[in-house]
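Asker: So you can see what is in the structure, the chains are spelled out below.
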Amino acid sequence: GESVGLHLPTLSVQEGDNSIINCAYSNSASDYFIWYKQESGKGPQFIIDIRSNMDKRQGQRVTVLLNKTVKHLSLQIAATQPGDSAVYFCAGLLAGAGSYQLTFGKGTKLSVIP
Amino acid sequence: DVKVTQSSRYLVKRTGEKVFLECVQDMDHENMFWYRQDPGLGLRLIYFSYDVKMKEKGDIPEGYSVSREKKERFSLILESASTNQTSMYLCASSLTAEAFFGQGTRLTVV
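Each protein sequence line maps, in turn, to chains G and S.
Taking our numbering, the leading residue of the first sequence gets 64, the next gets one more, and so forth.
Taking our numbering, the leading residue of the second sequence gets 163, the next gets one more, and so forth.
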């Protein structure tokens, strides 16, 4: 994500509704795009990734969409639950010779309203 | 389960001190990373390493150095701590695209 300014974007969603978290990226050379979830007091945790040559990938309750034309990535969470409350980061991954370099966006805070 | 362990959860150091942040992973991963996380700025890459004794600068290496003498251990060094290095520091390791993070070290420099 490329949020401007020091304020963390926030999204409030009613429990049971679907959530959509958006991310814009600048580096078209990224080989993968990845979503991470960070709960309070913990390190980021991998959710799902998508190769740069794909448009859509589905996991359990999550779907990632990639639109390379407009350099946009989204994470959709179905039937959002209180346990989904966290900060979500998108990241671009550049794979070199035997190495992987992750560049993170600034994050979006998801709050689930019971 | 992959485990990435950072030696301290909370650390308070004085300006000018030399600070060592240690990170150990138990999954024989080639790649290890140090990030700092600040409100509104997300995670910014300080240094990474893709092999023993190899290191590469990330986006904000100034004021930091690293050491990777063994595959499982990646140390971040603040040669002379300054107040603007007060932050949450996150270590990660990876073999492929999926990175595994430690719980973080919250460093306060006074």
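Derived from the structure by calculation, the hints contain no laboratory data.
This structure is a prediction, so every number in the text was calculated from the model and none was measured.
Any given hint might turn out to be false.
Stated by the list, open to error - Okay, derived cross-link-like pairs now, EDC-like style, lysine to aspartate or glutamate, Cα gap no bigger than 16 Å in a straight line: (1) G/Lys105 x S/Asp200; (2) S/Lys165 x S/Asp190; (3) G/Lys134 x G/Asp94; (4) G/Lys131 x G/Glu102; (5) G/Lys172 x S/Asp200; (6) S/Lys165 x S/Asp200.
Asker: Are the hints correct? Go through all of them and say.
Answerer: How the hints compare with the structure:
1. With a CA separation close to 14 Å, the supplied pair G/Lys105 and S/Asp200 stays within the 16 Å bound.
2. At roughly 11 Å between alpha-carbon atoms, S/Lys165 and S/Asp190 fall within 16 Å of each other, so this suggested pair holds.
3. At roughly 13 Å between alpha-carbon atoms, G/Lys134 and G/Asp94 fall within 16 Å of each other, so this suggested pair holds.
4. Distance check on the hinted pair: G/Lys131 and G/Glu102 sit about 29 Å apart at the alpha-carbon level, beyond 16 Å; violated.
5. For the given pair, G/Lys172 sits about 14 Å from S/Asp200 by alpha-carbon distance, which is consistent with the 16 Å threshold.
6. The straight-line distance between the Cα atoms of S/Lys165 and S/Asp200 is roughly 24 Å, outside the 16 Å bound, and the hint therefore fails.
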